[in-house]
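**Q** Top to bottom, those sequences are chains A and B.
Its first residue numbered 152, the first sequence is counted upward by one per residue in our numbering.
Its first residue numbered 421, the second sequence is counted upward by one per residue in our numbering.
Hints in this document: simulated from the structure, not taken from any laboratory.
Some hints here could point you the wrong way.
Said to hold, decoys possible - Take a look, some chain A residues computed to stay more than 10 Å from chain B by CB distance:
1. Val-243
2. Ala-264
3. Glu-271
4. Lys-292
As the list claims (entries may be wrong) - Once the Cα atoms are required to be at most 25 Å apart in a straight line, the calculated SDA-like pairs of lysine to any residue come out as:
5. A:Lys-284 to B:Ile-641
6. B:Lys-626 to B:Arg-675
7. A:Lys-291 to B:Leu-651
8. A:Lys-284 to A:Trp-296
Said to hold, decoys possible - Covered stretches of chain B (in silico footprint by chain A; criterion: 3 or more residues with CB under 8 Å from a CB of chain A, positions within the stretch not fixed):
9. 468-480
10. 497-511
11. 528-537
12. 568-581
13. 651-665
Idealized CB from N, CA, C, for every residue including glycine.
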Amino acid sequence: MTRKSRRLWLVGGCMLGFSGATLLTLQAFSANIVFFMAPSQVLASPPAPGRTIRLGGMVVAGSLHEVRADGKEPSVSFSVTDGQSAVPVRYVGILPDLFREGQSVVALGAMRADGSFGAEEVLAKHDETYMPKEVAAALKKSGRWDPRFGKPPSAASWNGMTAASVRGS
Amino acid sequence: MHVAPFADLSSGTVSSGSAAIEAVAGPPPAGRIAGLLHRYANPGRYLRLGDRIQPFLTWPALLLTTIGIVWGLFFSPADWQQGDTVRIMYVHVPAAWLASLGYAGLAVCGLLSLVWRHRLADLAAAEIGPVGACITGLCLVSGSLWGRPMWGAWWVWDARLTSVLVLFFLYLGHVALVRAFDDPARGARAAAILALAGAVDLPIIKFSVQWWNTLHQPDSITLTGAPTMSLTILWPLLVCTLGFTFGFAAIVNARLRAAVMETRTRQLLLAGTGAAR
Numbered sequence: 152m153t154r155k156s157r158r159l160w161l162v163g164g165c166m167l168g169f170s171g172a173t174l175l176t177l178q179a180f181s182a183n184i185v186f187f188m189a190p191s192q193v194l195a196s197p198p199a200p201g202r203t204i205r206l207g208g209m210v211v212a213g214s215l216h217e218v219r220a221d222g223k224e225p226s227v228s229f230s231v232t233d234g235q236s237a238v239p240v241r242y243v244g245i246l247p248d249l250f251r252e253g254q255s256v257v258a259l260g261a262m263r264a265d266g267s268f269g270a271e272e273v274l275a276k277h278d279e280t281y282m283p284k285e286v287a288a289a290l291k292k293s294g295r296w297d298p299r300f301g302k303p304p305s306a307a308s309w310n311g312m313t314a315a316s317v318r319g320s
Numbered sequence: 421m422h423v424a425p426f427a428d429l430s431s432g433t434v435s436s437g438s439a440a441i442e443a444v445a446g447p448p449p450a451g452r453i454a455g456l457l458h459r460y461a462n463p464g465r466y467l468r469l470g471d472r473i474q475p476f477l478t479w480p481a482l483l484l485t486t487i488g489i490v491w492g493l494f495f496s497p498a499d500w501q502q503g504d505t506v507r508i509m510y511v512h513v514p515a516a517w518l519a520s521l522g523y524a525g526l527a528v529c530g531l532l533s534l535v536w537r538h539r540l541a542d543l544a545a546a547e548i549g550p551v552g553a554c555i556t557g558l559c560l561v562s563g564s565l566w567g568r569p570m571w572g573a574w575w576v577w578d579a580r581l582t583s584v585l586v587l588f589f590l591y592l593g594h595v596a597l598v599r600a601f602d603d604p605a606r607g608a609r610a611a612a613i614l615a616l617a618g619a620v621d622l623p624i625i626k627f628s629v630q631w632w633n634t635l636h637q638p639d640s641i642t643l644t645g646a647p648t649m650s651l652t653i654l655w656p657l658l659v660c661t662l663g664f665t666f667g668f669a670a671i672v673n674a675r676l677r678a679a680v681m682e683t684r685t686r687q688l689l690l691a692g693t694g695a696a697r
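Excised from the complex, chain B in its bound form (with noise of 0.2 Å):
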């Protein structure tokens, strides 16, 4: 009986005769992950599922972020030239990489809803929105502070300090359309979409320090070349960087896990009421 309120939610798990009728005329590859999508797509299994990861994802978090942060106030060096204020980094990279990870998460979920209509995806990002948008706040605010010390200005109306400001009111954007409508459905598509058109934001903020001239300074860690920092800077960043990551998924799944008890409580309290009368 419990399982009815939700058939709603989880009607991909239920549509999978249209999967077999794919498969006996060779599946395109969409309908093989249509397949994986649509068994996690099932909120009754993300529960079960996000239930037990939450203390592995709350606890890594506390603890990396705690060796990270006195590590990097306390025990690294400081820099030849910026001195102490160097140490703004280890909180102002771990928050600049996951205000990029977060809107790509955002789009990934907008892609789901869109085309897969998957409704935990428009969930998710429901809640990383809002998530999202104060690690971008924290990003732009540290940088300001780091930006007035050293170049001598709080804001430069340069192309990364400026793409990371587009990102940022792309993530309260979304935040505000995701509840605009009476409809959730409606609110969540067109989140989606927003979510997706503005996932061309992100290679803009990764290749601006390339692609123009900047006041902001290039990437220190690249995936191609030797990183340009003291490993005794490094470390600490890493695992502040790591601590912050872990921090991101532990609240997102338990604002997540909340969604989807409280999209149950109603569905439960709408059919009950339905069922008085």
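Just chain A, same shape as in the assembly (with noise of 0.2 Å):
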């Protein structure tokens, strides 16, 4: 074995360990790199009320209620879905613009104990997606898309649909 050969071994060893140990480091702290909880993981093992945790998921459609009094800030109340279960949120404050139903969302705050979960801050998760105005426009007219309801179809199945197309029809 020659001495550069060694030397690769070496530095080639050296990374396998480093990485295992990372890896095993990712792994036990799992659970706190995760940034939100999920609505049935919330129901599942509920936090001792007043533990600060975040929740995420979807606002499900029909669930937003506004509250707004004059020199107040806006009184909130929205619920939060998985798509398994679903957890009542209050919120006082102005939403981010990206908020509306079938958004995703992260809320910052603890349980209280009626169930519901009290906000202090609300941030928008939005996807992957990203698309024309025209074209989520005529997805919506056309019926085969409404937002409130979740993510839109594969962007191959409307890139045919090009702006000037869309005005046409």
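Once you've looked at the hints, go ahead and assemble the two chains, each given alone in its own frame, into the complex.
**A** Here is the structure:
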């Protein structure tokens, strides 16, 4: 074995060991690295009331209620779901621009005694789909997609709809 | 005569005798790779090649970046829900891609340096470091400017953002470590170890959005699936990415050429003062 190949094996061995250690560490801290908990996780193992967690999921269509009073921040209630269960959320403050029914959101706050989630901060999480306004309008008009009930159809199904042909139809 | 001061840098080609011995005894694959590597480890040979390819990096970089940015900022459509804010993507995505690619380059240089004592790889690593740190900084800043209007937060401690921040600090550490020793060879050795160890962060960045739920959205462009974005947005993004990549290569190549010439000048000066004594 030459000196070079010995060095190569040594570097390879060190890399393998270091990657393994990192992998195990990440595995061990996996629960903490997760940015938010889903509603079904929250209901399955409820955190202690008052303990700050992040709750993430989709805003249920038709669940958004907003009470506006003069001179006060709006008081909002909505439900967040992951498709299996839903948790009601209460929040006082201004929602981000992207907030809407059907949008994914992450709320920071704590469970209350009545089983609802008291949010101190609400973040909107957009998905990985990017589509022109005209296409979105055409999909909604033709009834192929309603943004309130989840993600848009795959890009391949609407990529043929260029801006010009959409305006023409 | 002008070869002599460079014997140190081009030692790989000089020591081809050991490679010949290995060839007789049936070379291990590493030996053959080493032979190929040493062919391009010669700084003089690199300098000639680097001079020749510089315009083929600079001009495509300027052209493609200009086309991509103008296309992306003025002619591509706004996103249906993000509006014009989505145009930050035409800077953010190329910067993020180059942050990872640049660090992968650092790791390859680190391997070449540690195993094959490739002197040119040491010089290349020292030159990639600052450029990579800048582009990672650009990625973080543009992402923050994008996050504020869309998510409602400048910064969140989710897995994707945190792992890229770690990458930024790895770059800064590398930049500092290369220059931390009086003996450049020791600095290069320490930085090579850091570059290799830090490469563990690259798969974490890539898969963070799949392994853990994050606020950052998953990748729109993957090797396995169709892109989840409109072609009218995808094309300018690809042109921008290509332009930025050429730009990165052009800057690194220009810096590396300067570094090789600087080393050569210093050695000639040293040889000159030695002869004077």
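**Q** Is Lys-284 (chain A) close enough to Trp-296 (chain A), meaning Cα to Cα at most 25 Å?
**A** Distance of about 13 Å is within 25 Å: holds.
**Q** Run the distance test for Lys-291 (chain A) versus Leu-651 (chain B): straight-line Cα separation, threshold 25 Å.
**A** 19 Å, holds
**Q** Within the segment 568-581 of chain B, is the number of residues with a Cβ closer than 8 Å to a Cβ of chain A three or more?
**A** It holds, with 9 qualifying residues against the three required.
**Q** When I compare C-beta atoms, does the segment 528-537 of chain B have three or more residues closer than 8 Å to chain A?
**A** holds (count 4)
**Q** Minimum Cβ separation between Lys-292 (chain A) and chain B greater than 10 Å?
**A** At roughly 13 Å from the nearest Cβ of chain B, Lys-292 (chain A) sits farther out than 10 Å, so the non-interface label holds.
**Q** Are there three or more residues in the segment 497-511 of chain B whose C-beta lies within less than 8 Å of some C-beta in chain A?
**A** The restraint on the segment 497-511 of chain B holds, since 8 of its residues have a Cβ under 8 Å from chain A and three suffice.
**Q** Once the closest CB in chain B is found, is it more than 10 Å from Val-243 (chain A)?
**A** Its Cβ never comes within 10 Å of chain B, the nearest being 15 Å, so this holds.
**Q** Taking the shortest Cβ-to-Cβ distance between Glu-271 (chain A) and chain B, state whether it exceeds 10 Å.
**A** 12 Å, holds
**Q** Between the alpha carbons of Lys-284 (chain A) and Ile-641 (chain B), is the straight-line distance 25 Å or under?
**A** 20 Å, holds
**Q** Do at least three Cβ atoms from the segment 651-665 of chain B come closer than 8 Å to Cβ atoms of chain A?
**A** holds (count 3)
**Q** Taking 25 Å as the top limit, are the C-alpha atoms of Lys-626 (chain B) and Arg-675 (chain B) close enough?
**A** Status violated; Cα separation ~28 Å.
**Q** Say whether it holds or is violated: Ala-264 (chain A) keeps its Cβ farther than 10 Å from all Cβ of chain B.
**A** The claim holds: Ala-264 (chain A) sits with its nearest Cβ about 27 Å from chain B, beyond 10 Å.
Hint check: violations occur at hints 6 and 9; the rest are consistent with the structure.
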